[in-house]
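Chemist: Between the sequences and the hints, there should be enough to build the whole structure, so can you do that?
Residue strings, one per chain:
There are 2 protein chains.
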Amino acid sequence: MLMSKLIGERTKENPSDAMIASHALLVRAGFIKLVSNGIWSLATPAKRICQKIEKIIRDEMDAIGGQEASFPVVMPRELWEQSGRYTSIGSEMVRFKDRTGRDLVLGMTHEEAAVHFVRDAVNSYQQLPVMVYQFQTKFRDEARCRGGLIRVREFIMKDAYSFHIDNDDLEKYYAKVYDAYINIFNRMGMKRVVAVKSDTGMMGGSVAHEYMLLTDVGEDAIVICPKCDYKANMEVAVSNRISKRDEISEEIKEVYTAEATDIAAVAKRLGVSESKTMKAVCYCVKGSEELVLCFIRGDLEINEAKLKRAVQKDIAPANLNASQELQAGNIGAYNLNVTNTIILFDKSLENQNNLVTGANKAEYHLTGIDMARDFKDIEFVDIAKVAKGEMCPICNAPLDVENGIEVGNIFQLGTKYTESMNMTVLGSDGKPFHPIMGCYGIGIGRALASVAQESHDKDGLIWPMAIAPWQVYLCGIRMDNSEVYQKANELYAQMIKNGIEVIFDDRDTSPGVKFSDCDLMGIPIRVVVSPRSLANGEVEIQLRDKTLKENYKCEDAIGKLKEIMGK
Amino acid sequence: MLMSKLIGERTKENPSDAMIASHALLVRAGFIKLVSNGIWSLATPAKRICQKIEKIIRDEMDAIGGQEASFPVVMPRELWEQSGRYTSIGSEMVRFKDRTGRDLVLGMTHEEAAVHFVRDAVNSYQQLPVMVYQFQTKFRDEARCRGGLIRVREFIMKDAYSFHIDNDDLEKYYAKVYDAYINIFNRMGMKRVVAVKSDTGMMGGSVAHEYMLLTDVGEDAIVICPKCDYKANMEVAVSNRISKRDEISEEIKEVYTAEATDIAAVAKRLGVSESKTMKAVCYCVKGSEELVLCFIRGDLEINEAKLKRAVQKDIAPANLNASQELQAGNIGAYNLNVTNTIILFDKSLENQNNLVTGANKAEYHLTGIDMARDFKDIEFVDIAKVAKGEMCPICNAPLDVENGIEVGNIFQLGTKYTESMNMTVLGSDGKPFHPIMGCYGIGIGRALASVAQESHDKDGLIWPMAIAPWQVYLCGIRMDNSEVYQKANELYAQMIKNGIEVIFDDRDTSPGVKFSDCDLMGIPIRVVVSPRSLANGEVEIQLRDKTLKENYKCEDAIGKLKEIMGK
Chain D
-7 MLMSKLIGER
3 TKENPSDAMI
13 ASHALLVRAG
23 FIKLVSNGIW
33 SLATPAKRIC
43 QKIEKIIRDE
53 MDAIGGQEAS
63 FPVVMPRELW
73 EQSGRYTSIG
83 SEMVRFKDRT
93 GRDLVLGMTH
103 EEAAVHFVRD
113 AVNSYQQLPV
123 MVYQFQTKFR
133 DEARCRGGLI
143 RVREFIMKDA
153 YSFHIDNDDL
163 EKYYAKVYDA
173 YINIFNRMGM
183 KRVVAVKSDT
193 GMMGGSVAHE
203 YMLLTDVGED
213 AIVICPKCDY
223 KANMEVAVSN
233 RISKRDEISE
243 EIKEVYTAEA
253 TDIAAVAKRL
263 GVSESKTMKA
273 VCYCVKGSEE
283 LVLCFIRGDL
293 EINEAKLKRA
303 VQKDIAPANL
313 NASQELQAGN
323 IGAYNLNVTN
333 TIILFDKSLE
343 NQNNLVTGAN
353 KAEYHLTGID
363 MARDFKDIEF
373 VDIAKVAKGE
383 MCPICNAPLD
393 VENGIEVGNI
403 FQLGTKYTES
413 MNMTVLGSDG
423 KPFHPIMGCY
433 GIGIGRALAS
443 VAQESHDKDG
453 LIWPMAIAPW
463 QVYLCGIRMD
473 NSEVYQKANE
483 LYAQMIKNGI
493 EVIFDDRDTS
503 PGVKFSDCDL
513 MGIPIRVVVS
523 PRSLANGEVE
533 IQLRDKTLKE
543 NYKCEDAIGK
553 LKEIMGK
Chain A
-7 MLMSKLIGER
3 TKENPSDAMI
13 ASHALLVRAG
23 FIKLVSNGIW
33 SLATPAKRIC
43 QKIEKIIRDE
53 MDAIGGQEAS
63 FPVVMPRELW
73 EQSGRYTSIG
83 SEMVRFKDRT
93 GRDLVLGMTH
103 EEAAVHFVRD
113 AVNSYQQLPV
123 MVYQFQTKFR
133 DEARCRGGLI
143 RVREFIMKDA
153 YSFHIDNDDL
163 EKYYAKVYDA
173 YINIFNRMGM
183 KRVVAVKSDT
193 GMMGGSVAHE
203 YMLLTDVGED
213 AIVICPKCDY
223 KANMEVAVSN
233 RISKRDEISE
243 EIKEVYTAEA
253 TDIAAVAKRL
263 GVSESKTMKA
273 VCYCVKGSEE
283 LVLCFIRGDL
293 EINEAKLKRA
303 VQKDIAPANL
313 NASQELQAGN
323 IGAYNLNVTN
333 TIILFDKSLE
343 NQNNLVTGAN
353 KAEYHLTGID
363 MARDFKDIEF
373 VDIAKVAKGE
383 MCPICNAPLD
393 VENGIEVGNI
403 FQLGTKYTES
413 MNMTVLGSDG
423 KPFHPIMGCY
433 GIGIGRALAS
443 VAQESHDKDG
453 LIWPMAIAPW
463 QVYLCGIRMD
473 NSEVYQKANE
483 LYAQMIKNGI
493 EVIFDDRDTS
503 PGVKFSDCDL
513 MGIPIRVVVS
523 PRSLANGEVE
533 IQLRDKTLKE
543 NYKCEDAIGK
553 LKEIMGK
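Chains as they are written, first to last, in my numbering: chain D, -7 to 559; chain A, -7 to 559.
The reader is advised that the hints may include incorrect statements.
Just so you know, same-sequence chains aren't split out, so a pair can sit in one copy or run between any two.
[Said to hold, decoys possible] Derived DSBU-like pairs: lysine-lysine, alpha-carbon spacing no greater than 30 Å straight-line:
| hint | residue 1 | residue 2 |
| --- | --- | --- |
| 1 | Lys44 | Lys559 |
| 2 | Lys4 | Lys423 |
| 3 | Lys268 | Lys554 |
| 4 | Lys47 | Lys559 |
| 5 | Lys236 | Lys278 |
| 6 | Lys130 | Lys479 |
It should be emphasised that the hints constitute simulated quantities derived from the structure, not laboratory data.
Modeler: Okay, structure coming up:
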């Protein structure tokens, strides 16, 4: 490839809407171009990186017996009605009508299509397990696109679906995919990827893991034990919270707390720690009048993902001004009279005593609440966020909380789709059963952007060799010099002949422009042919990660390049 | 790949809706599965064929300087408004709103996206020519899907867009693409492909060619001169029509023709040949009251594509019963009084005399019409279909008309998109100009189906080696025989080691099932390991096209396979 022909506008200025480095650098290097909110065109370098990522994934999927197929982008409503997701998924799924008025959708994921595909073709337990995968365009009408290719609306995803006789077989296979994913991210050159337990969300199912690239700009919070193996997405993370009960339970007393309504102010006024209070947090069920009232230890926060799972309904923050029954700022669980309200108590309150809580009356709180004495028949559920420093549920070491970008996920789906879509297979006993499914995803564009996020410096991108758009950036300095022209062209031809992927900067521009474009684009190896180096019969080879900068005899250059590339 | 694991249901029965062999066989072999009207899932073998076709196309596009990119499937209305096609394209383009109410479309083609992509990145004539291409999903809401993968709604297309300084440069590049396309179809193994001149349709532009696979089941009619190089799609084909003028022009006479209203009946009643009549064919302008009245020599047919271009409006057949002015069955050009009607005369009538035509009066016709004498200031346009046996416009040999499937197309677009989307580039004179564009398409699924259509027999598909899903079908007969089991597995491992793509039929089924599956799937080479062949230390190698069936020593098998594959 010649730089003089490469389509892509390289710029010095960061795009004004770029909040993270990978977004800014991919745009500045001319790798990606915005078409509409969350919709991008990819230029040749980005396309080449995607193809290399896809090749790595394909290798690893084939190695665990995957069969590559292709399911459609556009699917009929009927298919999604079979699984129930036509209605259960909200406005992030695009729906439209065709010319005859039939309802179609754009695929956000392909569980339904995968079951449709194998339903008739796999009839016997002897054919199991099978795994089918594809690289296919997905469209999700994200409310909040961000970070360039990190969170978009249209993207290519590798999605895979496996089918099993029983849960044991799924778990065995799940472990293989788990390892294959580790290989994939390693081979791409991602260094700080961890697999964490996660929520199953709209997929359904039970066990799930996310692969998280740890980075400050990540939107997900991950709880990690630095001592043992415990890692979990904040949405499902737990901690070991032992709070001691006071020896003596005081009596309940009503105390005047004036305008102190938030828990910090109340605790301060009464001279108690926040962990000795029970605060109320209120939500509503989406699209309904029903309220969800949560009580939790005052020093903790509600984890909305856990809360959703606990109430099994979609929730939103509540506007308490509209409530006749609740005294905002002074809500307490004791002597509370409400209707059409789900009430939940977090596990942190279990068996606690001498707690402060609202008196359900303006300007008053209660002290001396004893959960065991003052409440009957209440169940405690885990709806609290884990905070940094809390104790690991496995080994009791203080936990870390880090940020991460989700670069892949794997799910144990159970029979949610095979049951609802009526896929059966004959067992060894001759009886039909619903196979157990797993599903496994990696977004290609996000993987590209994640590597860019992890691997860059102030001058630009730094691609790992395995996925670099080209391995070598061949720089001719003073292309009007006939010796440079000839040697550079000769090296270009030699590199191509030797299977080295090279972009040749044949432009009639200054060394400064060429070097900065090379740095910005992040090509791992720079080879410079200049009048000065040629005077000694040499070329300069420099690595983008700055671990090498040396001159080599022209005739040794190809050999050195192959050595660097490990060919 | 193991046959025991391959997902795909092989059946003996043709699907009831399959009208052509490629459709029936691809379904019967389990290669494709219908999801909705014109929307298919591809199983592993079909996906592998597509990948090989894509590889061939990628090679040829790269060889002429193409840069692979990726434009989005979903695009904003604004982009298509810039070119004017948001309104000019009808209901075959899918339009929908996103969650914020913004209009989006599904890409049917990507001229707009390509101009958007290069518009800012290419600023100087020195960067031209450039060509960018992609493999991307298109969705066209076809009213009439047919033929399995031949005419569908969702499909992957290789589309390419080139940009040029001037028409000369475009024509030079166009010639390169023309040849690259010939290479592509040759390399895929298509034998009867011809490039023909074609209509530019919704793309705009002037010159265009279609690549047609000649086959009886093709929907397009192609005019071909068996002597010289003339080839054209019926939509634009012309012929050399010299009809002699009679020496003496008779007077116009009104004759009684009773209920003879169609031209055959009138000619018969009056004892003249149809070529001595002038018939009227009436259309209306779509969505308007305006009529289009065409006069043409009685033995010829109207070519609606030519007619559309002549009137530059979309047309539909007219219902003359509603007309107050026209006497259906007796319409004539002489003494005709009509309003709100476009009148056209086909070139076949130019200078003719002694013609029969309608008298604009029930039960009467006129004879003795002389176009030169009886009409003033009329222009003759070519709106006639070419018929088999007419004379070649180049060499006067009798023309053939054949059917074909369009497998690719190339267009000279001119500045339609660069002007409307305001893409300018600085010329060598420092002045901005609109680059000239070309665009070039190949549908991948249709290419696959076209090869299947051209290359099959009663037993199934016959894939050319270059795009076969696997090169070898390894058949173990009596896998319960330990010698067979061991030798077959050994050969399987050797083939993989030698880079031979092999599917291993390891199933516990009868030889008949295995052989018929192998034939149905169309794998070029069959290798059979059976107790009988092993008794002589041999395996049987048979080619799907029946040009070879012989036994070889086990130790020679890999060498023979490599020889067959030309490795």
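Chemist: Since the copies are identical, ignore which copy is meant and state whether lysine 47 and lysine 559 lie within 30 Å (CA to CA) inside a copy, between copies, both or neither.
Modeler: Both: 18 Å inside a copy, 24 Å across copies.
Chemist: With identical chains treated as interchangeable, where does the CA-CA distance between lysine 130 and lysine 479 reach 30 Å or less: within a copy, between copies, both, or neither?
Modeler: neither (46 Å within a copy, 45 Å between copies)
Chemist: Tell me, please, which holds for lysine 268 and lysine 554 at an alpha-carbon limit of 30 Å: within, between, both or neither?
Modeler: This pair counts as neither: shortest intra-copy Cα distance 66 Å, inter-copy 79 Å.
Chemist: How do lysine 4 and lysine 423 come out at 30 Å by Cα distance, when the copy is not named: within, between, both, or neither?
Modeler: Answer is between: at 26 Å across copies they meet the 30 Å cutoff, but 67 Å inside does not.
Chemist: Up to 30 Å between alpha-carbons, please classify lysine 236 paired with lysine 278: within, between, both or neither.
Modeler: neither (37 Å within a copy, 83 Å between copies)
Chemist: What label fits lysine 44 with lysine 559 when the C-alpha limit is 30 Å: within, between, both, or neither?
Modeler: So lysine 44 and lysine 559 pass the 30 Å test inside a copy (17 Å) and across (26 Å) alike.
Against the hints set out earlier in the document, violations occur for numbers 3, 5 and 6.
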